[in-house]
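Chemist: Residues per chain, in single letters:
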Amino acid sequence: MEVLKEKVEEEEEAEREEAAVRAERGEKVVRPMEVRREEAPMTQEMLRDLERKLSDTEMAIPEKLSTFTKDTIAISKLPLSYQSNTLKEEHLLQVADSFSRQYSHLCPDRVPLFLHPLNECEVPKFVSTTIRPTLMPYPELYNWDSCAQFVSDFLSMVPLPDPLKPPSHLYSPTTVLKYQEGNCFDFSTLLCSMLLGAGYDAYCVNGYGSQDMCQMDLTRDVCPLTVKHQEVVQEEEKVPPKKYAIKPPRDLTSRFQQEQETKKQEEIKAEEERRLREEEERLLDVEKAKTDPLHGLRVHSWVLVLSGKREVPESFFIDPFTAHSYSTQDDHFLGIESLWNHKNYWVNMQDCWNCCKDLVFDLGDPVRWEYLLLGTEKSHLSLTEEEEDGLNDDDDVENLGKEDEDKSFDMPPSWVEQIEISPEAFETRCPNGKKVIQYKRAKLEKWAPYLNSNGLVCRLTTYEDLECTKTLEIKEWFQNREDMLELKHIDKSTGLNVDYFKPGHPQALRVHSYKSMQPETDRIMEFYDRARVDGLVKREETSKTMTEYYRGRSDFLFYRHVSFGDRVKKLSLNSAESNPRPIVKITERFARNPEQPADEDVAERVFLISEERIQLRYHCRDDHITASKREFLRRSEADNKGNKIVMTPDMCISFEVEPMEHTKKLLYQYEAMMKLKNEEKLSRHQAWESELEVLEILKLREEEEEEHRLTISIYDTKRNEKSKEYREAMGSPQADPPPPPPPPPPPPRRVMHEEHLRQVEAPLDYLAPFLAQLPPSEKMTRWQAMRVKDECLSDIKQRLIDKANLIQARFEKETQELQKKQQWYQENQVTLTVEDEDLYLSYCSQAMFRIRILEQRLNRHKELAPLKYLALEEKLYKDPRLVEFMKVFV
Amino acid sequence: MNWLYDSVEPRVMDEDLLKLAVGEQGPRDEAGQLARQEGILFKDVLSLRLDFQNILRIDSLWQFENLRKLQLDNNIIEKIEGLERLVHLVWLDLSFNNIEAIEGLDTLVNLEDLSLFNNRISKIDSLDALVKLQVLSLGNNEISHMMNIIYLRRFKDLRTLSLSGNPIAEEEDYKMFICAYLPDLVYLDFRRIDDHMKELAEIKHQYGIDELKQRENLSQAQLDDERAQREELEEHKAAFVERLNGSFLFDSMYAEDVEGNKLAHLPGVSELLQAYKDKFVIICLNIFEYGLKQQEMRKVELDTFNECVQEAIQENREQGKRRIAKFEEAHLLSLNAIRDESEVTNLEMKVAEHSKDITELFDMLMTLEMQLVEQLEETINTFERNIMDLVALFIENVQSLMAQCRDLENHHHEKLLEISINTLEKILKGELDEDLPYDVRALFVDKDTIVNAVGTSHDLHLLKIDNREDELVTRTNSWCSHLVDAIHKDEIMRNRRRVKEIHQYVDHVQNELDNLECSEIID
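Sequence order for the protein chains is A and B. Numbering-wise (UniProt numbering), the first sequence opens with residue 1 and increments by one. Numbering-wise (UniProt numbering), the second sequence opens with residue 1 and increments by one.
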């Protein structure tokens with residue numbers, strides 16, 4: 001510690017000298033232009049502050065805004081390297097001090113360097129040694145963007161105690177990770193460690209940033225998730241005209257008129273553009289920020305990644321708060337004081353009057369970048385190496401003569417422990433698994449997977465106005481949902497909801513957009529057609545129509561459109577459950593079947609069900625422009641003699657591209673019509689099934705939304721183990737309960753419920769109602785006891801009989817109903833539609849099932865009733881309240 | 001021969017019998033009613049059953065062009081005949097007859113299922129045409145030789161075979177043999193062949209099969225070779241330079257040239273001949289290569305032309321289709337409107353309007369078509385010019401090369417003449433050392449003889465060259481004119497078809513309107 005004190009004193013002296021010198025010289029500053037005026041008082045103040053701090057090192061811990069202060073960190077548990085300095089480190093500190101002194105001597109108008117802040121154990125540590133290059137064991141953290149995203153997610157931001165000064169403390173990345181918060185220096189140190197570990201040429205930068213950046217204020221940034229990808233319009237290659245290409249027909253329109261027309265169009269367009277531009281400008285004005293009085297003075301730390309390693313083509317900055325990358329010319333970065341990695345420390349000697357735009361990141365150039373240690377190799381980026389070398393030597397002699405002795409001095413290894421991120425922490429990411437970021441007109445909320453019971457991991461709310469009051473749309477991302485829901489998009493302005501699913505939904509649903517979950521309203525469902533047997537791609541519904549698109553079917557159907565009519569109000573009892581809407585028209589389109597001649601390959605068929613007409617349109621032959629058509633009128637009338645007319649020529653009107661012999665025959669037409677009739681029935685059935693499917697999907701979706709169960713990977717041992725235990729515990733609720741509190745109700749809820757009822761019932765006092773009839777607070781006589789017993793027994797007898805009767809009555813009712821239905825079916829069998837038939841069949845099977853169950857119950861009841869009676873009797877004999885009377889009696 | 005119905009009179013397959021059968025087996029119920037009303041044409045029948053009819057001779061089946069399935073079982077047929085026209089036949093049942101030889105099936109290339117059960121066949125053959133054969137039933141016959149099985153190896157699709165009840169089925173090796181030699185067979189004598197059996201059979205007959213396979217492969221390879229050669233020759237013929245890629249022309253020159261061959265025995269002539277041949281062949285090769293190159297160029301030209309024409313036609317067709325689709329929409333609407341209209345004046349107005357629309361459509365489609373015709377005509381003319389030029393160039397160049405050949409021949413002739421005369425002189429002087437064959441020496445009687453002989457040879461050679469040249473030129477020219485004619489004809493046909501189509505369509509539409517009007521008026 002003595003060495004340290006000495007050093008501190010030295011430094012203090014140096015500072016004083018420097019201050020004095022500066023005071024004498026007045027303010028000649030090499031600083032960003034715009035701040036020059038304000039700098040004088042600032043610097044003075046800062047210096048004073050520094051002096052005060054240095055004069056008593058023991059107490060000079062400025063209050064951090066952070067919630068984890070020194071006392072919350074268990075210093076004693078930290079390893080030794082955290083609590084003291086090795087010899088080498090001491091030496092390095094001395095070197096750094098002497099460097100600092102020389103620097104302040106040579107550049108008196110610049111702020112002191114950020115070299116060795118105190119760590120969590122109040123030990124000064126050189127900034128470079130705080131960087132601990134580590135390659136994370138997660139493949140997701142191999143690239144810079146994911147690393148930056150992780151850091152920005154994982155830590156929560158704490159502003160600097162003094163926004164105009166670098167912090168006095170710089171904690172180790174391990175501590176920062178542990179407490180998950182930090183200031184910009186903590187952020188960039190951690191990120192830099194990770195990037196260096198991943199092989200990037202990364203540096204921590206101490207410099208000046210814009211207000212937005214320093215305060216991590218994204219409210220003026222457009223949320224990256226809202227930016228729509230601009231589709232790259234590929235310009236069509238112009239095919240050179242072929243040798244024998246036909247000449248276009250002569251254009252007979254007036255060229256003058258055309259020109260006039262285009263001129264007019266252009267004018268309108270220009271006007272439109274101008275208006276748009278004005279609008280935009282106006283908007284921009286509104287959004288423009290107020291000017292910051294401290295612009296250019298706010299200290300910030302970020303990460304610089306130089307080109308060269310890991311195939312980085314161009315150097316760039318990463319803001320560790322937001323994980324955004326910026327070009328080195330970006331407006332947000334206003335100046336650089338110094339930068340360092342785990343090997344060396346460089347001081348920027350270039351003028352930052354034009355922000356960072358003119359900076360050259362050639363760290364081997366000693367004119368632009370003053371290095372601290374000579375020994376570390378730094379490849380020269382510039383091509384004129386020899387010349388630079390020459391200059392280098394000169395500078396050495398002039399500026400840093402003393403440093404020659406340090407030539408062989410290497411940066412000591414990092415004092416920081418290995419950086420470790422536990423898998424849980426990695427998965428949870430944000431502190432407590434939740435993070436909210438406010439963007440311009442948007443709010444982004446993130447959660448860790450499995451944190452929300454419905455699997456919500458991300459929500460983006462977009463607003464119409466800057467104040468974020470009017471919601472425009474909400475996008476919610478989900479993960480690990482059992483129903484494979486991936487994204488839910490709610491458009492508030494139109495009320496349209498769009499759900500996106502990953503492959504694997506039980507109904508192969510891909511996209512579901514709807515306004516309400518009510519059936520027979522506007523909705524579009526898209527499916528993974530490969531997962532479906534019928535190859536359905538999309539189903540669009542409106543209140544009156546349903547359109548289905550198919551792909552890859554063996555019958556070449558690709559389109560079916562069904563129009564429904566108004567629901568007929570049926571008052572009959574038998575079809576009370578479902579009353580399908582009548583189908584007015586079914587249109588089906590088929591793709592060309594190459595195996596059939598075009599004249600026999602139907603392209604479109606329309607069933608006009610209400611008009612009893614069927615229209616067919618065939619495919620067009622390869623060299624024709626017209627296609628065959630055929631129309632069937634399926635009127636089955638009787639002629640004047642009362643005979644049924646099977647087929648007459650006017651029942652089939654056809655237009656044939658090439659009239660054929662056999663198609664004129666009535667027999668052919670009749671057969672075709674019969675076939676079509678069958679197919680019509682099938683199509684109607686299909687339409688009806690589609691409707692049912694929609695209902696089913698809607699029901700399923702509602703259930704899924706309510707339950708929102710999450711899937712857990714079988715490799716996820718932690719969660720899966722839990723669920724295994726959970727399941728095991730559920731499997732045997734009665735068998736000796738495990739030490740932890742008893743599990744919640746198991747899935748077969750009904751069984752559990754009954755069990756529960758029984759448990760409640762058990763302690764019920766079966767004698768209570770009878771005892772209550774007796775006059776209170778009187779001793780029971782034997783007679784009374786007998787009466788109580790008899791009453792109780794007769795009561796149970798009555799109840800058992802009642803129950804038997806009840807079951808019997810229900811049984812009879814069901815049977816009767818079934819018989820009635822069967823009778824109805826027998827009578828109407830001929831006129832029934834397919835749907836009705838299906839309904840009937842399903843009803844029958846259900847009714848049979850109910851009857852069977854009732855029968856079983858009745859039998860069981862008959863068996864059990866006497867036993868129950870006997871059991872109660874025995875119980876009554878043994879009842880403590882009655883036992884004495886009984887004994888006597890017996 | 002103890003047929004129960006030996007005494008029964010054989011029936012003749014005549015029109016009535018067939019009509020009856022067709023009527024019986026035709027559609028039933030309502031459809032049958034219709035069918036009877038209209039009558040059924042024999043060529044619409046797909047399946048026919050003629051069993052237990054005591055038929056002796058198959059006859060009168062030629063009208064059943066589209067027949068797929070024919071049952072002639074349980075008759076007394078003795079000879080397979082009269083089935084030549086039934087080329088679509090897939091299923092043929094001739095079981096329980098008195099057939100002695102398989103014949104008359106050479107046109108039934110689509111046959112998949114053939115049953116000849118219970119006949120008197122002793123040899124399997126004449127089935128070569130039945131490449132799609134899958135099921136063959138030959139049980140209860142008189143096949144006695146195992147080698148008949150090998151004949152069946154050529155049917156790649158054969159899966160089911162029955163041979164039980166034949167003498168060969170009695171042989172102990174019967175099953176193994178068949179399994180080994182027909183490895184693709186799945187069912188034999190109504191039973192599935194198990195894999196174990198197959199393996200065993202294969203091991204047992206391995207040598208025989210290998211040998212057979214070897215032979216089959218060899219003959220297959222030979223066939224392939226021949227085909228390849230034929231194809232190549234065809235290709236060369238298309239380029240009009242066949243057989244010019246060698247000494248074929250030169251050899252043919254000397255093939256009939258008696259004198260020339262005789263003269264070859266003269267001293268110094270063989271060397272001369274060799275040199276001449278080498279040069280000649282080189283020129284021939286030049287012609288050959290040039291011909292192939294030109295052929296390629298013509299092909300490219302033709303392809304581009306066809307492609308462009310097709311594109312133009314497609315484009316035009318799309319336009320036409322669009323117009324018609326648009327019209328059809330309007331058509332339906334206006335038909336409905338007319339149907340709903342009750343006021344007479346309005347009705348007439350609407351009808352008139354619609355007829356105007358129809359005329360407009362007609363005009364539009366016809367304009368499109370005329371436009372296309374004009375465009376195509378121009379293109380075709382350009383193509384014609386180009387291809388003519390190409391052909392003319394080709395002929396010209398070939399002719400100049402042929403002229404080189406002729407020069408060579410002339411040169412050779414002069415040399416030969418010189419040598420001949422020298423030899424003659426030597427012979428006359430009696431200085432000749434070598435012995436010449438007698439017939440050669442006979443030429444050297446006097447100057448006229450020898451000059452005549454050499455001249456004859458020369459003339460023959462020139463004739464051959466001229467013939468070849470003429471052949472090439474005529475064929476090339478005729479190809480060219482045929483091509484151009486075909487293109488013109490195709491275009492005319494296309495145009496007529498389209499015009500007809502348009503007319504037909506417009507007539508149909510107009511008819512629809514008229515019908516509507518009529519019914520309106522009647523109402």
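Bear in mind the hints are in silico, worked out from the structure with no lab data behind them. Every value quoted in this text rests on a predicted model; they were computed, and no experiment measured them. Hints should not be assumed to be uniformly reliable.
On the chain A side, residues computed to face chain B include the following (Cβ under 8 Å) [stated by the list, open to error]:
1) K243
2) I246
3) K247
4) T253
5) F256
6) F361
7) D362
8) I625
9) L667
10) A672
11) K675
So, partial list: chain B residues that the calculated Cβ filter (under 7 Å) puts toward chain A [unchecked claim]:
12) G32
13) F305
14) V351
Glycine included, C-beta positions come from ideal geometry on N, C-alpha and C.
Chemist: Against the structure, test the hints numbered earlier, and report the numbers of the ones violated in rising order.
Modeler: 4, 5, 6, 7, 10, 11, 12, 14
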